[in-house]
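Protein sequences, first through last, are from chains D and V.
Counted from 1, the first sequence has number 236 at position 236 by the UniProt record's numbering; the numbering is strictly sequential.
Counted from 1, the second sequence has number 285 at position 285 by the UniProt record's numbering; the numbering is strictly sequential.
Hints are computed from structural coordinates only; laboratory data are not their basis.
Note that this is a predicted model, so its numbers are computed, not measured.
Please note that a few of the clues may not be correct.
As the list claims (entries may be wrong) - As a list, the in silico BS3-like pairs of lysine-lysine whose alpha-carbon atoms are at most 25 Å apart:
{"id": "1", "chain 1": "V", "residue 1": "LYS203", "chain 2": "V", "residue 2": "LYS138"}
{"id": "2", "chain 1": "V", "residue 1": "LYS200", "chain 2": "V", "residue 2": "LYS266"}
{"id": "3", "chain 1": "D", "residue 1": "LYS263", "chain 2": "V", "residue 2": "LYS331"}
{"id": "4", "chain 1": "V", "residue 1": "LYS292", "chain 2": "V", "residue 2": "LYS124"}
{"id": "5", "chain 1": "D", "residue 1": "LYS270", "chain 2": "D", "residue 2": "LYS293"}
{"id": "6", "chain 1": "D", "residue 1": "LYS120", "chain 2": "D", "residue 2": "LYS74"}
{"id": "7", "chain 1": "D", "residue 1": "LYS302", "chain 2": "V", "residue 2": "LYS95"}
{"id": "8", "chain 1": "V", "residue 1": "LYS305", "chain 2": "D", "residue 2": "LYS259"}
{"id": "9", "chain 1": "V", "residue 1": "LYS124", "chain 2": "D", "residue 2": "LYS55"}
{"id": "10", "chain 1": "V", "residue 1": "LYS203", "chain 2": "V", "residue 2": "LYS280"}
{"id": "11", "chain 1": "D", "residue 1": "LYS120", "chain 2": "V", "residue 2": "LYS95"}
{"id": "12", "chain 1": "D", "residue 1": "LYS107", "chain 2": "D", "residue 2": "LYS120"}
{"id": "13", "chain 1": "V", "residue 1": "LYS196", "chain 2": "V", "residue 2": "LYS124"}
{"id": "14", "chain 1": "D", "residue 1": "LYS107", "chain 2": "V", "residue 2": "LYS305"}
{"id": "15", "chain 1": "D", "residue 1": "LYS120", "chain 2": "V", "residue 2": "LYS141"}
{"id": "16", "chain 1": "D", "residue 1": "LYS250", "chain 2": "D", "residue 2": "LYS74"}
{"id": "17", "chain 1": "V", "residue 1": "LYS305", "chain 2": "D", "residue 2": "LYS250"}
{"id": "18", "chain 1": "D", "residue 1": "LYS250", "chain 2": "V", "residue 2": "LYS331"}
{"id": "19", "chain 1": "D", "residue 1": "LYS74", "chain 2": "D", "residue 2": "LYS263"}
{"id": "20", "chain 1": "V", "residue 1": "LYS331", "chain 2": "D", "residue 2": "LYS270"}
{"id": "21", "chain 1": "V", "residue 1": "LYS125", "chain 2": "D", "residue 2": "LYS120"}
{"id": "22", "chain 1": "V", "residue 1": "LYS95", "chain 2": "V", "residue 2": "LYS266"}
{"id": "23", "chain 1": "V", "residue 1": "LYS305", "chain 2": "D", "residue 2": "LYS74"}
{"id": "24", "chain 1": "V", "residue 1": "LYS299", "chain 2": "V", "residue 2": "LYS280"}
{"id": "25", "chain 1": "V", "residue 1": "LYS292", "chain 2": "V", "residue 2": "LYS305"}
{"id": "26", "chain 1": "V", "residue 1": "LYS266", "chain 2": "D", "residue 2": "LYS248"}
{"id": "27", "chain 1": "V", "residue 1": "LYS98", "chain 2": "V", "residue 2": "LYS280"}
{"id": "28", "chain 1": "V", "residue 1": "LYS331", "chain 2": "D", "residue 2": "LYS259"}
{"id": "29", "chain 1": "D", "residue 1": "LYS337", "chain 2": "V", "residue 2": "LYS292"}
{"id": "30", "chain 1": "V", "residue 1": "LYS138", "chain 2": "V", "residue 2": "LYS164"}
{"id": "31", "chain 1": "D", "residue 1": "LYS107", "chain 2": "V", "residue 2": "LYS280"}
{"id": "32", "chain 1": "V", "residue 1": "LYS280", "chain 2": "D", "residue 2": "LYS358"}
{"id": "33", "chain 1": "V", "residue 1": "LYS299", "chain 2": "V", "residue 2": "LYS203"}
{"id": "34", "chain 1": "V", "residue 1": "LYS200", "chain 2": "D", "residue 2": "LYS55"}
{"id": "35", "chain 1": "D", "residue 1": "LYS55", "chain 2": "V", "residue 2": "LYS292"}
{"id": "36", "chain 1": "V", "residue 1": "LYS280", "chain 2": "D", "residue 2": "LYS259"}
{"id": "37", "chain 1": "D", "residue 1": "LYS250", "chain 2": "V", "residue 2": "LYS292"}
{"id": "38", "chain 1": "D", "residue 1": "LYS74", "chain 2": "V", "residue 2": "LYS200"}
These are the residues of each chain, in order.
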Amino acid sequence: SSTQICVCHTRSYSSVCFLKSKYVYAFDKSAFKFNHQHRLFRTSAISKGQIVQFKLSDIGEGITEVTVKEWYVKEGDSVSQFDSICEVQSDKASVTITSRYDGIIRKLYYNLDEIAYVGKPLVDIETDVLKDVAPEEDVVETPAVSHEEHTHQEIKGHKTLATPAVRRLAMENNIKLSEVVGTGKDNRILKEDILNYLAKQTGAILPPSPKSEIIPPLPKLETAPAAPKDKAHRIPVPISKPTVFTGKDKTEPITGFHKAMVKTMSAALKIPHFGYCDEIELNQLVQLREELKPLAQARGVKLSFMPFFLKAASLALLHYPVLNTSVDENCQNITYKASHNIGIAMDTEQGLIVPNVKSVQVRSVFEIASELNRLQSLGSSGQLGTNDLTGGTFTLSNIGTIGGTYAKPVILPPEVAIGALGKIQALPRFNGKGEVFKAQIMNVSWSADHRIIDGATMARFSNLWKSYLENPASMLLDLK
Amino acid sequence: MKNMVIRASLKNWFQLFYVHKFPAAGFKTTADGAIILQSVSNDIYQNLAVEDWIHDNINLENMQVLFLWRNLSTVVIGRHQNPWQECNLKMMRQKNIKLARRRSGGGTVYHDLGNINLTFFTSKKKYERMENLKLVVKALKCLRPQLDVHATDRCDLLLNRNFKISGSAAKLGRTAYHHCTLLCSADRFLLSSVLKSPYKGIKSNATPSVPASVKNLFEEDPTLTCQIVMDAIAAEYAIYHQIDHHVTLINPADETVFPGINNKTKELQTWEWIYGKTPKFSISTCFNMVYKHSFLEVKVDMDVKHGRIEVCNINLPEEWLPPALCGELEKNLIGSKFCPSETTALASALLRSCPQDYEVHRRWNLFCENMTTTLM
């Protein structure tokens, strides 16, 4: 197959004799693969195209007029044969009008929602006409063709044979038909040829071996959403994609929620953060949760670790209320918030949003679990309201469900502290007797506003929170 | 006639792909072949993807296909329609009813497992909606001769002259397909409530739906189930095309049989397709809020293009909310998706960077809730 491609190219250039011989011999398939992002075309021999009026063809059922509903092209765009030009509608039928020619759109005859007539001009297309003249110099290389541009499917005089369905499949996968070897009659390119070509592309940018091995694609990475601490450990594997030479950067404006978050994050970074990390041993909590899970389930509530983390945080905040405060813009006044409205970072379609559980200080672990279920359910169906998303006073971010151990979380204004929880791992630790045991270890990384919170306060808060979680029974003593 | 439902072997399928050759053995050796497919999936996006896939990949010059499918609760809008004009999106979110935009034209329909979808694939030359509908009527009359069903010139099927039991739409491109619904035992009450839009003040050139009184075949004759009706239509189609009454079950998630179909399914689920393809529209509406014994009027005007807010004007009672905050909201809404969860997330984030005031929070939340509920 590599020979065939060479033959094709040498055949097209043999009559022209402008390529130095060593360039031709070096032109084997592997070199071609690296170069094939460059499109070769002759520079001097293109004549000015003629303007062709492309009329709206018969749609069937005796229809004479249609409404133009969407344009896929604008004046100045280049199109290839079979590219979609516009969408028209007639009596519940939606019709895609495709181009009959390769060329450049020079005029659109209708605006959106105007009536177009069958048999009348729809667009003007300027078609390229290549003259049969030998160029005087070597070919020019151009940058890679992106998905937006259209590949011309001619290799000097040779039109590649392929059915419209095969052309579409090639276009959808950014494959230039000139690079695919056709195994059908007259070197016609069949669907199998495209699929074979694709299979070889998947996995790596490597020159193909002479024996045309099919490199099996790597399995996809699955990102689990930030669900409560129910672990479904997934082994992350790199994402594989077919190697597509696009080469065009894409710039788009930052809008909506992301734009608002830019503002929030810029404000957040004005706060001097300091970090404090620790590791928590959760063996007792793991056991406790196992016992309580069925009880909660019987009441229709899914119990994760989060309700315990939130309740422990609230109990600790009662002793260190400075962590549940808000300062004004110039850091002149500090407001001690009465309610512990603890936010939990949630991964949704919008991005990472932070709904909060209100008044954790007066809720039981079960009630917190129930609230979390409600917020989770609303979050996944895009129904969270502003009440749930505003008024938070303290935040816990459960990044551990996605992965990672330590983090440096960013405080969400107007709060003054935030904790990021890593994933729970089974690790060997020493117990009081000096024996090694299997410990369920989770890391926590706190960030706090250093203008009003000092290291000692943060450490003591973290220790208290940790002690509640390492000895869940101790929570009973302080429960209100 | 007993109908045999078989699973096509992969080999059969690959022969069908390259149908620029003549149809493989197994079909009658007439010049034209035909095949009947039935989906094992009840997922609207997967089933719409099958239509796309057949439309793009099968050569229908000498071949016709009948595709039978049903979906779980979904509202399906036509290619050029505006979902905010056509259905109650809020109710759909609450009841977990999906929204899909199909590629064919026409109006909005509600699907559930009590509704049958039929797609007739032909070449553009053989595209004939009335023929297809006559076939369906014939099948129903074969089943129950006393049934009063007929096709109108709008390509609807009416029961007892008054009640719509089927609507049609079509897509023409390289080849053509005509599909239609058929109400057997759908939830009529949910249908009528979900297809009523609560959103006021929309000005748009999107294709409007024509509301109609509907009825289920089941209500006319309780013995008519979806399966019986599908079998009858398949049988009639088989007779018409002189083929064996074989219904081939297909799995729309199977990439080996339908290479590239999962990409099509994904595309149909994207926000850009479902909402972003809404033709440009403007919304101009007022709503009232009750706050601490006072009555407040809010006026909102927006232009929405490609599903994103292009122009945004909000008129609130003076000084009720910090003007800077309102200005920020208007500014940030430009370019944002016309979507309640996006707007809510955006508005909540903006509140973080403004001086903390319990009163302001309460008013802001009230205003945002009202705005998203009334408009989106």
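How the hints compare with the structure:
1. V:LYS203 x V:LYS138: This hinted pair is violated, its Cα atoms lying about 42 Å apart.
2. V:LYS200 x V:LYS266: Measuring from Cα to Cα gives roughly 31 Å; hence the hint is violated.
3. D:LYS263 x V:LYS331: Within the cut-off at roughly 12 Å; holds.
4. V:LYS292 x V:LYS124: Judged against 25 Å, a Cα distance of about 64 Å means the pair is violated.
5. D:LYS270 x D:LYS293: Roughly 42 Å separates the two Cα atoms, so the pair is violated.
6. D:LYS120 x D:LYS74: It holds: about 19 Å lies between the C-alpha atoms, which stays within 25 Å.
7. D:LYS302 x V:LYS95: holds (21 Å)
8. V:LYS305 x D:LYS259: Holds, at roughly 19 Å.
9. V:LYS124 x D:LYS55: Within the cut-off at roughly 18 Å; holds.
10. V:LYS203 x V:LYS280: Roughly 9 Å between the alpha carbons, so the hint for V:LYS203 and V:LYS280 holds.
11. D:LYS120 x V:LYS95: Given pair D:LYS120, V:LYS95 is violated - Cα atoms ~48 Å apart, limit 25 Å.
12. D:LYS107 x D:LYS120: holds (14 Å)
13. V:LYS196 x V:LYS124: violated (35 Å)
14. D:LYS107 x V:LYS305: holds (23 Å)
15. D:LYS120 x V:LYS141: Given that 25 Å is the threshold and the Cα spacing comes to 43 Å, the pair is violated.
16. D:LYS250 x D:LYS74: holds (19 Å)
17. V:LYS305 x D:LYS250: Holds - the C-alpha atoms of D:LYS250 and V:LYS305 are around 21 Å apart, at most 25 Å.
18. D:LYS250 x V:LYS331: OK: D:LYS250 and V:LYS331 at ~23 Å, within 25 Å.
19. D:LYS74 x D:LYS263: violated (36 Å)
20. V:LYS331 x D:LYS270: holds (23 Å)
21. V:LYS125 x D:LYS120: Satisfied, since the Cα-Cα distance of roughly 21 Å is no more than 25 Å.
22. V:LYS95 x V:LYS266: Holds, at roughly 23 Å.
23. V:LYS305 x D:LYS74: Since the Cα atoms of V:LYS305 and D:LYS74 sit roughly 17 Å apart, the hinted pair holds (cutoff 25 Å).
24. V:LYS299 x V:LYS280: Distance ~20 Å between V:LYS299 and V:LYS280 Cα, so the pair holds.
25. V:LYS292 x V:LYS305: At roughly 37 Å apart (the allowed maximum being 25 Å), V:LYS305 and V:LYS292 break the hint.
26. V:LYS266 x D:LYS248: holds (23 Å)
27. V:LYS98 x V:LYS280: Satisfied, since the Cα-Cα distance of roughly 23 Å is no more than 25 Å.
28. V:LYS331 x D:LYS259: Distance of about 10 Å is within 25 Å: holds.
29. D:LYS337 x V:LYS292: holds (24 Å)
30. V:LYS138 x V:LYS164: Roughly 17 Å between the alpha carbons, so the hint for V:LYS138 and V:LYS164 holds.
31. D:LYS107 x V:LYS280: holds (22 Å)
32. V:LYS280 x D:LYS358: violated (40 Å)
33. V:LYS299 x V:LYS203: holds (16 Å)
34. V:LYS200 x D:LYS55: Violated, at about 40 Å.
35. D:LYS55 x V:LYS292: violated (64 Å)
36. V:LYS280 x D:LYS259: holds (23 Å)
37. D:LYS250 x V:LYS292: The hint is violated at about 49 Å.
38. D:LYS74 x V:LYS200: violated (33 Å)
In summary, the structure is inconsistent with hints 1, 2, 4, 5, 11, 13, 15, 19, 25, 32, 34, 35, 37, 38 from the numbered list given earlier, while agreeing with the others.
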